[in-house]
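Engineer: Okay, so the sequence shown: first residue is 111 according to this note's numbering, each after it adds one.
No wet-lab data here; the hints were simulated from the structure.
All C-beta atoms, glycine included, are put in the ideal place defined by N, C-alpha and C.
Be aware that one or more of the hints could be misleading.
[Claimed, not checked] Once the Cα atoms are required to be at most 25 Å apart in a straight line, the calculated SDA-like pairs of lysine to any residue come out as: (1) LYS196 to ALA206; (2) LYS434 to ASP501; (3) LYS434 to GLY509; (4) LYS577 to HIS495; (5) LYS208 to GLU220; (6) LYS446 to GLU220; (7) LYS196 to PRO352; (8) LYS434 to VAL405; (9) LYS446 to THR460; (10) LYS208 to SER442; (11) LYS196 to LEU170; (12) LYS470 to SER328; (13) LYS196 to ARG353; (14) LYS196 to ARG320; (15) LYS446 to ASP436.
[Claimed, not checked] Here are the computed distance ranges between Cβ atoms for each label pair: (16) LEU480 to THR578: 21 to 29 Å; (17) ARG466 to LEU384: 27 to 35 Å; (18) ALA358 to LYS446: 35 to 43 Å; (19) ARG476 to GLU115: 49 to 57 Å; (20) SER112 to ASP152: 17 to 25 Å.
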Amino acid sequence: MSRAELWTLGAAELARLTRAGDITATEAVASAFGRMDAVNPDLNAVVVDTRADAMARAALLDTLPASDRGSLHGVPVTIKINVDQKGEATSNGILAFKDLIAPADAPVVENLLRAGAVVIGRTNTPEFSFRADTDNPLFGRTHNPWGRHISAGGSSGGGGAAVMAGIGALAHGNDIGGSLRFPASANGAVTVKPGLGRVPAWNPSQRSERGLLAQMMSVQGLMCRTADDLAHAMPSLIAPDPRDPFHAPVPWHGAALGVPIKVAFTRNPHGYDLHPEVETALLAARDALMDAGYVVEEVEPPNMFEIGRNGYRALMGEIASLLKPDIDTYGSDTIKAMFNTYFQEFEPITGDDLLRMMAKRSHYARAWALFQQDYPLVLMPFLPHPFFAPDRDTEGVEGAHDVLGCAVYSYGMNFLGLPAGCLPTHLAHMPKGPQPINVQIAAPRWREDLAVAAMQSIESRIPPVAKTLWSHMDSHSSQTNR
Numbered sequence: 111m112s113r114a115e116l117w118t119l120g121a122a123e124l125a126r127l128t129r130a131g132d133i134t135a136t137e138a139v140a141s142a143f144g145r146m147d148a149v150n151p152d153l154n155a156v157v158v159d160t161r162a163d164a165m166a167r168a169a170l171l172d173t174l175p176a177s178d179r180g181s182l183h184g185v186p187v188t189i190k191i192n193v194d195q196k197g198e199a200t201s202n203g204i205l206a207f208k209d210l211i212a213p214a215d216a217p218v219v220e221n222l223l224r225a226g227a228v229v230i231g232r233t234n235t236p237e238f239s240f241r242a243d244t245d246n247p248l249f250g251r252t253h254n255p256w257g258r259h260i261s262a263g264g265s266s267g268g269g270g271a272a273v274m275a276g277i278g279a280l281a282h283g284n285d286i287g288g289s290l291r292f293p294a295s296a297n298g299a300v301t302v303k304p305g306l307g308r309v310p311a312w313n314p315s316q317r318s319e320r321g322l323l324a325q326m327m328s329v330q331g332l333m334c335r336t337a338d339d340l341a342h343a344m345p346s347l348i349a350p351d352p353r354d355p356f357h358a359p360v361p362w363h364g365a366a367l368g369v370p371i372k373v374a375f376t377r378n379p380h381g382y383d384l385h386p387e388v389e390t391a392l393l394a395a396r397d398a399l400m401d402a403g404y405v406v407e408e409v410e411p412p413n414m415f416e417i418g419r420n421g422y423r424a425l426m427g428e429i430a431s432l433l434k435p436d437i438d439t440y441g442s443d444t445i446k447a448m449f450n451t452y453f454q455e456f457e458p459i460t461g462d463d464l465l466r467m468m469a470k471r472s473h474y475a476r477a478w479a480l481f482q483q484d485y486p487l488v489l490m491p492f493l494p495h496p497f498f499a500p501d502r503d504t505e506g507v508e509g510a511h512d513v514l515g516c517a518v519y520s521y522g523m524n525f526l527g528l529p530a531g532c533l534p535t536h537l538a539h540m541p542k543g544p545q546p547i548n549v550q551i552a553a554p555r556w557r558e559d560l561a562v563a564a565m566q567s568i569e570s571r572i573p574p575v576a577k578t579l580w581s582h583m584d585s586h587s588s589q590t591n592r
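Throw the hints in and build the complete structure from the sequences for me.
Structural biologist: Here's what the structure looks like:
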């Protein structure tokens, strides 16, 4: 492999080579920038290029002795523009915040740097990071590397498009209702939404604390091209940070479970039509887990539709009180109209009813904790249909219903505070081109490692889609240039 092709390697392999001295951090980072220069102009995934700082950091890392090289030594990573990176604007896709310069790194950035990663750029997000699609007045639209007929997802759409296109081996993102898993599903990436308190979080630039539901539902994480990379990289994110007083310093690997591990399997679309391509993806994941020695039983987990809908309605109630004034002041007409639609699709729970629903969250979480005593893992759809087209969420209540209304398996996991892995298990050949289909695997509290291990088992039987995507991109590029 030439040095120019190092961008094709995943985080685990790159780190192995840089730590051993077989390649330099400078070579790894330079290759990532070469790929960025080749594909980012068409994708608009990375909207802030941090090349000068990245190359200087890579050169410094190359001087470190082997004993001082971290688990992500020289691995290129992107950071979402809604998280603080010292000296860079935390714009969150909002024109009025384009000069909000971070005074220090957020814990997730600091932990990545401590492990030896190199930040090569900052990735796009929708305004306020509150859409399942990625477009904003400040930087414009991020496109999906599979084609412009598919949204890049959101809100971590820039990161999902970047990592799958080969711009960095890791992409940071965050998730309050699906913002890691939507772009992972759109682009064919692999992620795990960590559980509550798993990854320390805080923005030094923030002017007020977030609402309680936002604190309970929002988490920081990574998108990768393989579950092996996720297993390698995620432990570096959970290092304690006193700026997050509710972070729980629990080791990445929990106690071994008795084997075989039981998996509950559901394909219940909760009133929607389950698309045949999604069912194919679910059955492929089920069969792969069974082949790997898991016991998979088709059984319904508790209250998923109720949990998801009530959780998101509660979040909308908090947003209506705490965030809507900023949306009205700083948001575009598009995002204002979208929130009005959200409030129709998810009627906000307010006042005493909001307090009662926040209390009922414990009832829901207890039901799942008891269920997962018998079935530690739960295999489920992420969405009941293949990923949607750009701007589908702007098409009134019908569009919002099609994008978010059906996604109870997504935001339900946030309300419960449980880990949820997401990976592609089928490549659908749709009328407008190939499209990855992701499924979701929930795990017990503090057991992200179980979800990631299950995804590794699936991947050993169903190859990841990145190489297929790169061939598709090369073919599309050659046809466009004829």
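Engineer: Can the restraint linking LYS208 and SER442 be considered satisfied, given a maximum Cα separation of 25 Å?
Structural biologist: holds (14 Å)
Engineer: Between LYS446 and GLU220, is the straight-line Cα distance small enough, at 25 Å or below?
Structural biologist: violated (34 Å)
Engineer: Are LYS196 and PRO352 close enough, with their CA atoms no more than 25 Å apart?
Structural biologist: Since the Cα atoms of LYS196 and PRO352 sit roughly 18 Å apart, the hinted pair holds (cutoff 25 Å).
Engineer: Need the status of pair LYS196, ALA206: alpha-carbon distance at most 25 Å?
Structural biologist: Within the cut-off at roughly 19 Å; holds.
Engineer: Just to be careful, I want the Cα atoms of LYS470 and SER328 compared with a cutoff of 25 Å; is the pair within it?
Structural biologist: Holds, at about 19 Å.
Engineer: If you draw a straight line from the CA of LYS208 to the CA of GLU220, is it 25 Å or shorter?
Structural biologist: holds (22 Å)
Engineer: Can the restraint linking LYS446 and THR460 be considered satisfied, given a maximum Cα separation of 25 Å?
Structural biologist: Within the cut-off at roughly 20 Å; holds.
Engineer: Within 21 to 29 Å: is that where the Cβ-Cβ distance between LEU480 and THR578 falls?
Structural biologist: violated (41 Å)
Engineer: Given the hinted pair LYS434 and VAL405, is their alpha-carbon gap at most 25 Å?
Structural biologist: violated (46 Å)
Engineer: Need the status of pair LYS196, ARG320: alpha-carbon distance at most 25 Å?
Structural biologist: Answer holds: LYS196 to ARG320 is near 20 Å, not above 25 Å.
Engineer: Quickly compare the C-alpha distance for LYS196 and ARG353 to 25 Å and report which way the hint goes.
Structural biologist: Satisfied, since the Cα-Cα distance of roughly 16 Å is no more than 25 Å.
Engineer: Straight-line Cα separation of LYS434 and ASP501 no greater than 25 Å?
Structural biologist: Judged against 25 Å, a Cα distance of about 21 Å means the pair holds.
The structure is inconsistent with the numbered hints 6, 8 and 16, although it conforms to all the rest.
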